[in-house]
Amino acid sequence: MIRNRITSIACSAYAVLIFGFIFLPVIVLVLFSFQDGRLPVPPFNGFSLQWYEAVFADRKLMSALLHSFFVATISSFVACLLGFLAAYALARFKLPGSAWQRGLLIAPMTVSYLIIALGLLTVLNAFGIGLSLWTVGIGHVVINLPLCFAIIYSSMGDHHINIERAARDLGASDIKVMVLVTAPMLLPSLLASFFLSMTFSWDEFIIAFLLSRFDVTLPVEIWSLLRSGLNPKTNAIGSLVFLVSVTLLIMLELFLFKRTKKS
Amino acid sequence: MMIDITEGAFARRLLASAAILALGAATITITPAPVLAQEELNALVWCDHTDPALIEPFEQANNVKVNLKEYEGTGAGLSIIDQSRPGDWDVLVIDGVDVQRAVDKGILAEIPADALPNADIFPEVRMEPNNTRDGKTYAVTEKFGYNMVSYDKTKVDPADMKDMSKLWSDKYKGRIAVYDYYLPMIGLTGIDLGKATASLTDADLPAIKDKLFALKANAKQVSDVVSSQTALATGEVDIVFGGGEWLTAGLVKDKPNLDWVIPEQGAVRWAQSIGVMKDSTKKDLALKFVQYIVSPEGQARLATSSCYWAMPANAKAGEKLSAEQKTALRWDEQADYLKRTQLYPIPSAELDAKMQDAWTEMLQN
Amino acid sequence: MAAHSLEDVERRKAWGFVAPALVWTIVFFVAPFLFMAAMSLWAQQGGSIVRVWNLGNYIAFFEKDALFRGLTNSLEITAIVTALSILLAYPLAWIIAERVPQRFQRTALILAVLPFWTSYVVRSYSWLLVLSRNGVINQTLMNIGVISEPLELASNRTATVIGFVHFFVMLLTLTIYANLVQLSPNYRRAAADLGANAFQTFWHVILPLTMPGIMTGAFLTFVLCIGDYVTPQILGGNNELVLPQIIMLQLGRRADFPMAAALSIILMLAVTAAYVACARWLKIERT
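Protein sequence lines correspond, in order, to chains E, A and V.
This note's numbering applies: residue 1 is where the first sequence begins, and numbers increase by one.
This note's numbering applies: residue 1 is where the second sequence begins, and numbers increase by one.
This note's numbering applies: residue 1 is where the third sequence begins, and numbers increase by one.
The following block holds chain E by itself, in its conformation from the complex (with noise of 0.2 Å):
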């Protein structure tokens, strides 16, 4: 008995601990975009909401913002789309050289986003395709497809082929079997893929930076910010950010999550 409690003792001291040092920079990320001041450091002067007001004003950022949600958005369900069907098609059909294939998709994986993003800055230019919002979305599916593939194939057990013959017995053709069957039993990897690639195509920044011309997304829009030293307004855009992340989470977590019940 008292083993447990100091166990539990313990463990509830690490998780403190730990959670503390996960929401330190947070922490001071959000306090200073409070900062009645020009600069987020310490010594804090006050609160004021001027920064918040300045970010709503600052055009560029706001459009950033948009764009960043909608490169993310759009690279994510193709890198999603792309990954399922590979993926159903490798762990359904017998295909010649499925291991290269494997081996092929996930490659990108092993790549730093430095060179995908490089490379594709050469390849474009010699197709003479101009950069845009666009290209930056081709790199972040080349980076997000072998993620989705990996996290669906992986969850496409043997056992869901069953299923998938008893609806085709029953005269379903592929694509509805594709779309009616399988998907709805793959939902939580698909959403945790679709969820992993859109945060990592949130905040993506060497690719975004090489591959757009003017318009740009967020992480490149505060990276110039910057340039001109420390400014409380991206503590607020951060903290925005943040902010609605939160509260789309906690919206996702009791209309979404808490209706699937599962064993």
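Accuracy of the hints is not assured; some may be wrong.
To be verified - Between beta-carbon pairs, the in silico distance windows are:
1) Glu40(A) / Ala126(E): 18 to 28 Å
2) Gly130(E) / Ala198(A): 33 to 43 Å
3) Gly157(E) / Lys13(V): 17 to 27 Å
4) Thr7(E) / Ile147(V): 30 to 40 Å
5) Phe44(E) / Pro112(A): 54 to 64 Å
6) Ala13(E) / Pro256(A): 43 to 53 Å
Said to hold, decoys possible - Result set (DSSO-like, lysine-lysine): computed pairs, CA atoms no more than 27 Å apart in a straight line:
7) Lys209(A) / Lys173(A)
8) Lys153(A) / Lys216(A)
9) Lys211(A) / Lys162(A)
10) Lys216(A) / Lys195(A)
11) Lys60(E) / Lys282(A)
12) Lys339(A) / Lys316(A)
13) Lys13(V) / Lys94(E)
14) Lys339(A) / Lys105(A)
15) Lys69(A) / Lys162(A)
16) Lys354(A) / Lys64(V)
17) Lys211(A) / Lys13(V)
18) Lys69(A) / Lys60(E)
19) Lys60(E) / Lys253(A)
20) Lys155(A) / Lys255(A)
21) Lys64(V) / Lys216(A)
22) Lys288(A) / Lys60(E)
23) Lys105(A) / Lys171(A)
24) Lys288(A) / Lys69(A)
25) Lys253(A) / Lys153(A)
26) Lys176(E) / Lys64(V)
27) Lys253(A) / Lys320(A)
28) Lys171(A) / Lys195(A)
29) Lys209(A) / Lys64(V)
30) Lys65(A) / Lys60(E)
For the record, the hints were derived by calculation from the structure and aren't laboratory data.
For clarity, every value in this text was computed on a predicted model and none was experimentally measured.
Built from N, CA and C at the ideal position, the CB exists for glycine as well.
Following the hints, put chains A and V in place on chain E, whose structure we already have.
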């Protein structure tokens, strides 16, 4: 394990409609229809040109949209141009010492000399050897400043700061940030060794390298603008070697304890030029933009723009600046500063490569 | 009319499904990568690229100490970060999986990864503030009397490691938790039936079973850490350069694409070596 297919269907439909919404909205937002048949001007610039206060007056007066892309480091800028198609860019802002590189690549258009207010520009920063070739003008200086010593006057002895060699002494060990740009820093080190920047050669490198290594050993960090500013503002370091008014002018209100000085040995002067791209399809508009930037009003706005403050090249801009702004820029002391400072070194390609290698070695030491 | 076997039809369908992903990967990843590999064998002279095949860039890498040290710094820091992150994340993942009531587990997990959603760049600068001489950590430690002089925590390797560990603890908590939570309780029951106490069960049963999760997380950490530019650049004070910083240096003023390409290939080889080492646990197995 029972799988509730209706739940999955709900989520699937939710995702599908979200995706369609996203796609639809994206097509509308990301490729916006032009409001008016506005002309557009594409400029590859340094960060101080992105201030709306600078750009909007020009946009409104000429009914154009100015698209800006900032870059850092001439190499990065030139490779952006390499990766672009002819006609992609109309205006270029480039480091004064690199204009000739751009001329070599044939990317700058000739500007008629009478289109520019050359007479109004401070004589020392007209920089004809840089901005012209064979009597043809390719660029004009628009802004200049210095790399010298910024410091916290409540933490260090200001008298010490007037002597550059004090930065290598034990007194300030671990309290210095070195500005992360090899060209001016090698220039400054050369000056401390008594060598003029214009005459630096291969033979000088070993001595400079030794001094650089010693400097690094005495410093806390080698950092860019943001990190140096942060370090100075938080008290992480008390001195930024290579800093200048551009580093601290914006902080003066919050941190009045920050100051800067040109040591007795001298310092280096940087300058940025602006020019019209040869392949531009809108050369007249581009020239108008350049003329706006070097006009007194444009110059005053550029001098105090959001990224960094520094001296405008056009002396007439003084009439458009407030007394406060001129004090922050130390307008009245400029004559003295110009005399005591030298231009950045302008090395050949091989020497440049060697300098960068020396700098990398210093960082790794 | 020729008879198509069911297998042929099936196979064509399968190719149709997998083709989009393959084509995308080949066009937007393999082709650029091959071009970069070719680029690494050329040289940059006087501002333009000379397309003469040579190993000059690679030779320079081994000859110039400053460049080679970029790789050693990267490997050292990545190793330390991976080890530390696993050590710190595993207990947290374990606590969430075993000690937190079922209905709060997802919340606890989400809480553990929430800081992902602040901007990476801004978060790194916030760390700089926290670790600085007058920052929160030093102030607290001095106020409670543990130290009398501020610790040098910022603008050096320590800061870089802390910044990285912060990021990867969150990532690894996720991967290890995912693995822990999928373990059948039967293993524990069997071990208990055989007379093992809690520690023995953990050490001989649970830990080996979670190796795939640990190794996957470790590999991911390795890849992301060794290729990252932002954290060392902001927190490292340029005191020791890692390979990505050196690569970016090649691009800055000189635009030496061939050298940057060569260094990138070397970086990729390091990652491939790590993959080969971990391959045993990284097979994409289906459940």
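Which numbered hints are broken by the structure, listed smallest first? 14, 15, 17, 23, 26
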